[in-house]
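Number of protein chains: 4
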Amino acid sequence: MTKKICLITGVGPGTGTALVRRFAAEYEVAMLARSNERLAQLAQELPSAHAYPCDVTNTPQLMHVVEQIRQDLGAPAVVVHNAVRGAFGSFLEIEPEVLEENFRINTMSLLHLARATAPAMIKAGEGALVITGNTSAYRGMAYFAGFAPTKAAQRVLGEAMARELGPKGVHVAYVAIDAVIDLEWTRKRYADKPDDFFCQPADIAEECFRLAHQPRSAWTYASVIRPFGENWTLNA
Amino acid sequence: MTKKICLITGVGPGTGTALVRRFAAEYEVAMLARSNERLAQLAQELPSAHAYPCDVTNTPQLMHVVEQIRQDLGAPAVVVHNAVRGAFGSFLEIEPEVLEENFRINTMSLLHLARATAPAMIKAGEGALVITGNTSAYRGMAYFAGFAPTKAAQRVLGEAMARELGPKGVHVAYVAIDAVIDLEWTRKRYADKPDDFFCQPADIAEECFRLAHQPRSAWTYASVIRPFGENWTLNA
Amino acid sequence: MTKKICLITGVGPGTGTALVRRFAAEYEVAMLARSNERLAQLAQELPSAHAYPCDVTNTPQLMHVVEQIRQDLGAPAVVVHNAVRGAFGSFLEIEPEVLEENFRINTMSLLHLARATAPAMIKAGEGALVITGNTSAYRGMAYFAGFAPTKAAQRVLGEAMARELGPKGVHVAYVAIDAVIDLEWTRKRYADKPDDFFCQPADIAEECFRLAHQPRSAWTYASVIRPFGENWTLNA
Amino acid sequence: MTKKICLITGVGPGTGTALVRRFAAEYEVAMLARSNERLAQLAQELPSAHAYPCDVTNTPQLMHVVEQIRQDLGAPAVVVHNAVRGAFGSFLEIEPEVLEENFRINTMSLLHLARATAPAMIKAGEGALVITGNTSAYRGMAYFAGFAPTKAAQRVLGEAMARELGPKGVHVAYVAIDAVIDLEWTRKRYADKPDDFFCQPADIAEECFRLAHQPRSAWTYASVIRPFGENWTLNA
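Protein chains in written order, with the working numbering: chain A, 1 to 236; chain G, 1 to 236; chain S, 1 to 236; chain X, 1 to 236.
It is worth saying that the hints were derived from the structure and are not from the lab.
Among the hints, erroneous ones may be present.
Identical copies carry no separate label here, and so any pair may be met within one copy or between two of them.
To be verified - List time: in silico DSS-like cross-link candidates among lysine-lysine, alpha-carbon distance up to 30 Å:
hint: 1; residue 1: 3; residue 2: 188
hint: 2; residue 1: 188; residue 2: 123
hint: 3; residue 1: 193; residue 2: 4
hint: 4; residue 1: 168; residue 2: 4
hint: 5; residue 1: 193; residue 2: 168
hint: 6; residue 1: 193; residue 2: 3
hint: 7; residue 1: 4; residue 2: 188
hint: 8; residue 1: 168; residue 2: 3
hint: 9; residue 1: 123; residue 2: 3
hint: 10; residue 1: 123; residue 2: 193
hint: 11; residue 1: 188; residue 2: 168
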């Protein structure tokens, strides 16, 4: 039997790689990231993972890559938008363009990606689009002016698409991580924190995989996850 | 190997029975409901399901039953609070006592149940308490004055317990069903609706089962589920 | 011209007294509280303020007092439900009855009060019911299991009544104070905090007064207020 | 005594003009809009209203106009960001650029405006920035993919700025209108609706004026307003 296709953006060392490993167990996975190095390594390690280096903010390039994936592997049944770029700082001091660039990668590329991949899912009468986010999708903390608006926009864009695609059998879901993800650099920054403090990339990937396969009578749009030991600040 | 124990309240014909079937596959299940008839039938059908007829608003009776379960089967590792009573009508016309009674079954019995079962979970350093709810947990629609406040109270009580129990390894989760559940009486009332309109009890039960087994680095408190084809009114 | 009537529950030393002062400037005010001492003082000081000692959880007494006010002053055009009782502590250690009692004062007495006073407002085609609350109306923090559920229930009860009464010209509004109110005992507990840390009772009273008089084309249900200098934790 | 300065963007025929009228009663008002025609009329009618034709998405032009206002009138004590552009349609059919353009006018111009005007407010230790929005700031309805994300981003940007500016004495507030505003074109589109269906621009303007003058111990960030007779869909 032919495996279904899964497209994943933002294949970095943490959640992105974990997503690839999880989905590669059951899908042919098309991996997108700007740099090819990690993609090439993963492709070598995992026979079902295929490298498609791409800057998702370069729309013609993104459209070209999606078309290439369709020809090479087939139309994606699942798309995971994990590409993200953040920023931190006073709204008075950040470069305003930072907000616009983050909007381009976090929100606009989601719209382009959905436009390129949803029609085949609609035709098939099934499919899933999963988006990874965080608490900035719900609130604007001080010094997050350059980032939080783009995650809120992303969540609400996903919601608008979910309401439109749902009745056509295509599921859109948003995973908000209310925690620090366990990564090399976060371990350094939070060196005093115990293991329990961190959210595991493999668990995030599992949650994305689960949402992509929910039964049709019980779909979730927004899923918020956090470690059991952690301080819990979001009302959700 | 000895099976773990699961306690389920509100074992009615829909979600309650589906919960029993789902958990009985892996747990010894203690079933609570006011009438013994359904419990006896399920107990006969499922060797792992055990009948404990009980009115959860009768606190001494509830305490007695929880103690009996502990002696018969052992301390519950999972508790699912599915018992519920509703009401509909203008706040000017309902009997005010209805609100108080619904609070007793929907909210107070959850508190009593949690007090009786959480200490053993804390001692074990693990366990789960799952609560089933609906959109009334989030908003007060007109003519829901006798019901919605008790579900909102229930959700917020669960949240307070989740924040207290989480760091002790005990997971509390709230499943809100934003849909009409597929039951004999709902099929009659919504006779013109297609199958897709209804949320399946088996899918609700699966979601409760899943939440009771989430990995510790990625717990969810509030999970909202709805059928794919359905009108979607809640902002969550 | 005859002044309109305003009924205020929970006339304690802080917000309650400030509410009386604010509304007494333009209304005949019926003051409710369990103890008569403060009411008598206020009644002596303010000619428009009238003492109606009453335990709002004693429903027959509450009904009697509302009827007495109607005979003495007339039917209230504005009702402010400020009576509240709280609790703090682990859900495992509080007396469970505390939650039920808080529900009675915070939620049930609101229902009884609204049932007794809304019909005259509906008949008049205008009127307002304002409820004072706090962040527990939105979330369940750890150790607030005995209190937060009752404020969430209160907010959602008010919302259900707002949706039912709105089209009849009667406005229901909920003021959530996301701060510590400036009171004798809070000043002692937070002795190290500057003036800016506290929310002023007079400002809360002004907000309630304003909401009671909003133009009909632009009503607010939920209003969250907090001091400018304060740490801001609620997503609202 | 010299009047304080108020800057208003998006001076269209509805809310924008109402804002100008309301603030001109107590402020010198700098009016911004792309077309000069309405501004010139208002400037002639209202001696305190001054025309500054400007495309707020043209950042150098916006910066120039803010500087011009500062020289002509003084630094604004109040800024009202009412400029908005919307879109409607399936995410599959809209031009993707529409979302980016709406982000530029609804969100980016707010950031630029705040960066240009907040420093003087911080120096003064007081000031207000009021943003007008709607229910799209909270949720993504189907067919609102080209618009809702930009309002959600705007609300969250305002929130991030509110948390940063609040402790410096500068108030940021967001007014979400959960209704159809009473305008020439909306009256035509909803010709069958009664007067009560519509939210009055003058009432919206009054709400913005009020928020700009709240006492410091009781600030509101998000204010949702709706007509009394109206169907009420937002959970807020």
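Here is what the structure says about each hint:
no.: 1; hint: 3 - 188; in the structure: neither (39 Å within a copy, 41 Å between copies)
no.: 2; hint: 188 - 123; in the structure: neither (47 Å within a copy, 33 Å between copies)
no.: 3; hint: 193 - 4; in the structure: neither (40 Å within a copy, 32 Å between copies)
no.: 4; hint: 168 - 4; in the structure: within (19 Å within a copy, 41 Å between copies)
no.: 5; hint: 193 - 168; in the structure: between (45 Å within a copy, 17 Å between copies)
no.: 6; hint: 193 - 3; in the structure: neither (41 Å within a copy, 35 Å between copies)
no.: 7; hint: 4 - 188; in the structure: neither (38 Å within a copy, 39 Å between copies)
no.: 8; hint: 168 - 3; in the structure: within (22 Å within a copy, 42 Å between copies)
no.: 9; hint: 123 - 3; in the structure: within (18 Å within a copy, 45 Å between copies)
no.: 10; hint: 123 - 193; in the structure: between (48 Å within a copy, 24 Å between copies)
no.: 11; hint: 188 - 168; in the structure: between (45 Å within a copy, 26 Å between copies)
Checked against the numbered hints above, the structure violates hints 1, 2, 3, 6 and 7; every other hint is satisfied.
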